[in-house]
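Visitor: According to this note's numbering, the sequence shown is numbered sequentially starting from 1.
Hints in this document: simulated from the structure, not taken from any laboratory.
Each hint should be verified, as a subset may be incorrect.
[To be verified] As a list, the in silico BS3-like pairs of lysine-lysine whose alpha-carbon atoms are at most 25 angstroms apart:
1) LYS244 <-> LYS120
2) LYS56 <-> LYS478
3) LYS403 <-> LYS348
4) LYS450 <-> LYS464
5) LYS464 <-> LYS494
6) LYS451 <-> LYS415
7) LYS415 <-> LYS278
8) LYS180 <-> LYS498
9) LYS498 <-> LYS178
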Amino acid sequence: MKTFQSSELTTQCGRKTVPAELLHDESRMEGRADAAEFPESTEEAAAILRNASKSKTKVTLSGGRTGIAGGAVPTGGIIISTSKMKKIYGICEDGNGNVSISCQSGASLDDINKFIRREKKGFFFPPDPTETSASAGGMTSCNASGAHTFGYGPTRNYVNAMTVILASGEILKLERGKYKASAETNDFILEHNDGRKEKFTASSRPQPNTKNAAGYFSGKEIDAIDLFIGSEGTLGLVTELEFKLIPCPEAEFNTFFFLSNEDAAIELTEKLRYVSDKSGITAIEYFDPGALELLRQRRLKMGPASCVPPDMPEERETAGIYIDTTCERKDVQKNIKRLLDISKNLEKGSLITAWAAFDKDERERLKKFRHALPETVNSTIAERRKTHPALTKLGTDMAVPDKYLGQIMKFYRKKMDAVNLQYVIFGHIGNNHLHVNILPSDMEEYNLGKKLYMEFAVKVLEMKGSISAEHGIGKLKKNFLHLMLGDDGIAEMKAIKKAFDPNSILGKETLF
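Generate coordinates for the entire structure from the input sequences, incorporating the hints supplied.
Guide: Listed below in structure tokens is the structure:
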């Protein structure tokens with residue numbers, strides 16, 4: 001069993017009035033808090049947590065508040081915001097050519113990417129959640145991913161090291177590979193400042209064979225750093241991070257295939273998986289017929305400002321597959337030919353047309369077209385909220401193993417077509433991670449949609465999938481986490497939380 005050390009600091013930091021923007025995140029939940037703290041350093045944050053621990057004051061951690069599961073929404077107590085912890089320390093290259101960037105946890109993804117482009121051309125940070133205002137700490141807390149997770153994986157894959165403060169105010173310096181659970185018992189030993197040694201056991205439960213952001217990381221001989229990644233602010237406050245960077249590809253191009261129906265889109269996706277390593281495919285995204293129809297309506301309403309090209313096919317059964325590909329410059333034509341050959345070898349009549357984008361401006365236009373869909377979904381719901389203020393969209397975040405892609409899509413379609421609700425299906429089909437977005441017109445439809453959501457979750461779990469592939473559990477999906485892990489799995493998580501946060505002051509009502 002490995003032992004990792006901690007230290008304690010005693011500096012003080014004054015309290016501030018709670019700004020209204022700290023009481024909600026993108027989930028549209030509204031919270032309450034008695035006070036907010038804005039530390040500028042690890043030392044200040046440690047002092048705040050130490051005082052909160054002594055008084056057993058509940059603490060909610062707040063980053064960029066771009067999450068949609070309510071994890072950053074306070075339910076009393078104090079908020080610790082990392083909004084003043086935005087320093088980017090610099091970029092480091094070791095003797096083996098490994099490149100990394102170090103920053104405080106409040107630094108935004110946008111600022112991190114700008115810093116890399118300025119200071120280390122030829123390298124990049126792959127995680128790409130939609131909201132570039134997401135903070136480094138928030139991305140780590142939720143193990144953020146995005147469209148390019150198919151090729152690059154989630155944030156977890158790029159965290160080399162972190163500084164994390166426990167609820168007691170103790171500080172841990174964690175480096176990947178340095179502290180792992182015992183091979184024999186899967187135990188860790190946490191050594192406190194006062195000399196106490198506390199043993200706890202990590203869950204050996206295997207991860208689903210698909211994308212997963214539900215609950216604490218588990219498995220055999222796991223790394224201590226992975227317990228905090230995806231823990232949603234319930235085990236400690238991450239204040240500093242070191243992220244791995246990788247070389248930029250020489251060339252990148254994007255394609256969009258319009259197909260005759262959904263079955264053709266599934267067939268294309270499954271064929272693309274077999275050539276993804278050879279072809280450098282980093283993203284495979286899906287647009288169902290309803291999604292493309294919503295974009296047609298956007299074009300009719302907004303014209304050129306819609307970012308929807310006028311030459312989009314008009315056939316109502318058309319489905320779309322968007323692909324990002326990276327490769328060496330010499331392989332561009334070869335990879336384009338490979339994609340076209342695959343699409344042409346689908347069932348006769350499946351391929352309607354295709355778009356391709358090669359230079360920066362073309363790729364940016366296609367990116368705006370892709371992002372126009374979630375914008376349209378959100379604006380549709382915003383308009384309906386004027387009549388029904390409690391209304392929200394209902395968007396699934398579930399994923400299944402590869403072999404179940406066709407089955408789960410047919411299940412979604414069968415259930416949705418049996419009711420009179422507007423919906424679209426889109427998202428990360430390469431990872432079998434599709435967002436079924438239900439767009440209710442009133443609260444009766446909303447409640448019907450919630451019942452369908454539960455039916456989807458039950459079916460996904462029958463297929464050994466995950467009820468949260470990227471958004472996390474937060475405060476909104478606790479019942480789904482319990483459905484996925486059962487009483488024993490929740491008990492394992494609570495035992496881990498008790499080891500790091502014995503008074504349970506962090507993340508009240510998040511996860512549990």
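Visitor: A separate judgement is required for each hint: does it hold in the structure or not?
Guide: Hints and how they fare:
no.	hint	in the structure
1	LYS244 <-> LYS120	holds, 13 angstroms
2	LYS56 <-> LYS478	holds, 23 angstroms
3	LYS403 <-> LYS348	holds, 24 angstroms
4	LYS450 <-> LYS464	holds, 21 angstroms
5	LYS464 <-> LYS494	holds, 23 angstroms
6	LYS451 <-> LYS415	holds, 11 angstroms
7	LYS415 <-> LYS278	violated, 37 angstroms
8	LYS180 <-> LYS498	holds, 19 angstroms
9	LYS498 <-> LYS178	holds, 23 angstroms
The earlier numbered hint that this structure contradicts is number 7, and it is the only one.
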